[in-house]
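**Q** Can you make the complete structure from the sequences, with help from the hints?
Per our numbering, the sequence shown starts with residue 3, numbered consecutively.
Read the hints as simulated data drawn from the structure, not as lab findings.
None of the hints are false.
The list that follows gives simulated cross-link-like pairs (lysine-lysine, PhoX-like), each with its CA atoms no further than 20 Å apart:
{"hint": "1", "residue 1": "Lys230", "residue 2": "Lys212"}
{"hint": "2", "residue 1": "Lys165", "residue 2": "Lys126"}
{"hint": "3", "residue 1": "Lys133", "residue 2": "Lys78"}
{"hint": "4", "residue 1": "Lys126", "residue 2": "Lys78"}
{"hint": "5", "residue 1": "Lys212", "residue 2": "Lys224"}
{"hint": "6", "residue 1": "Lys60", "residue 2": "Lys6"}
{"hint": "7", "residue 1": "Lys224", "residue 2": "Lys165"}
Between beta-carbon pairs, the in silico distance windows are:
{"hint": "8", "residue 1": "Tyr180", "residue 2": "Ser213", "range": "42 to 48 Å"}
{"hint": "9", "residue 1": "Leu110", "residue 2": "Ile252", "range": "37 to 43 Å"}
{"hint": "10", "residue 1": "Asp55", "residue 2": "Tyr180", "range": "36 to 42 Å"}
All C-beta atoms, glycine included, are put in the ideal place defined by N, C-alpha and C.
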Amino acid sequence: MRLKDRVAIVVGAGQSPGEGIGNGRATALTFAREGARVLCVDHNLTSAQETVDMIAAKGGTAAAFEADVTRNAELKAMVSDAVARWGRVDILHNNVGVSIAGGDAELLDITEEALDRCVAINLKSCIFAAKHVIPIMRQQMSGAIINISSMAAITTYPYVAYKATKSAMISFTEQLAYQNAQYGIRANVILPGLMNTPMAVDTRAREFKKSRAEVEAERDAKVPLRGKMGTGWDVANAALFLASDEAGFITGVTLPVDGGASVRRG
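**A** Below you can see the structure in the form of structure tokens.
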């Protein structure tokens with residue numbers, strides 16, 4: 003019960019269609035298992051409610067909230083809902099992100115609309131969610147913010163918007179950390195590597211007209227550790243550590259969860 007009596011907002015707690023479990027849903031389930039009351043936020047209310055039902059089935063406490071994270075007013079309402087329900091916000095977990103599904107492309111092919119969409123979902127949402135929880139956390143003199151970036155930020159990745167926005171998220175998290183340390187607020191960022199999630203694998207299978215097994219095999223072959231992708235649970239366990247008191251002296255850190263991919267050079 004490492005998060006007993008804490009209130010967590012998990013943005014992106016539903017998941018896209020496909021096999022396995024996504025990072026956001028796994029994190030919401032993990033936080034609830036460890037005692038947190040979790041506001042499960044997603045643009046797809048049905049998917050968010052599925053996460054809530056899974057939490058409730060295990061005896062946890064959660065509620066679903068529908069939000070378009072590209073809209074500042076809806077992010078503000080999200081935070082207000084958590085406070086109205088449970089009186090505080092201890093953890094903000096920003097897990098939304100889009101690349102191919104948002105129209106991302108290589109430089110010569112990217113459109114203005116796709117770039118704007120990816121920036122709004124991947125970066126703007128993270129900034130404005132933080133804007134609305136920071137005053138609450140400052141008043142509490144405590145809080146933990148965990149942003150989910152990607153190994154795409156520091157390794158080769160062909161698509162413009164995802165790499166740029168996920169790189170910017172790292173810098174923003176560092177800024178959050180040093181500007182709010184005096185208030186007891188910690189901010190850290192996780193860089194998932196190749197993950198076997200619906201968004202990563204099933205989306206690519208649909209986009210590139212391959213079988214899921216083909217995409218899975220191609221990605222597994224690129225992972226140094228055991229030749230297998232990670233799962234949403236690997237990201238969730240890292241997030242749990244960063245949200246807990248065990249990481250009480252850790253802020254401004256960029257944590258790869260990547261099966262060793264980032265240690266390869268050249």
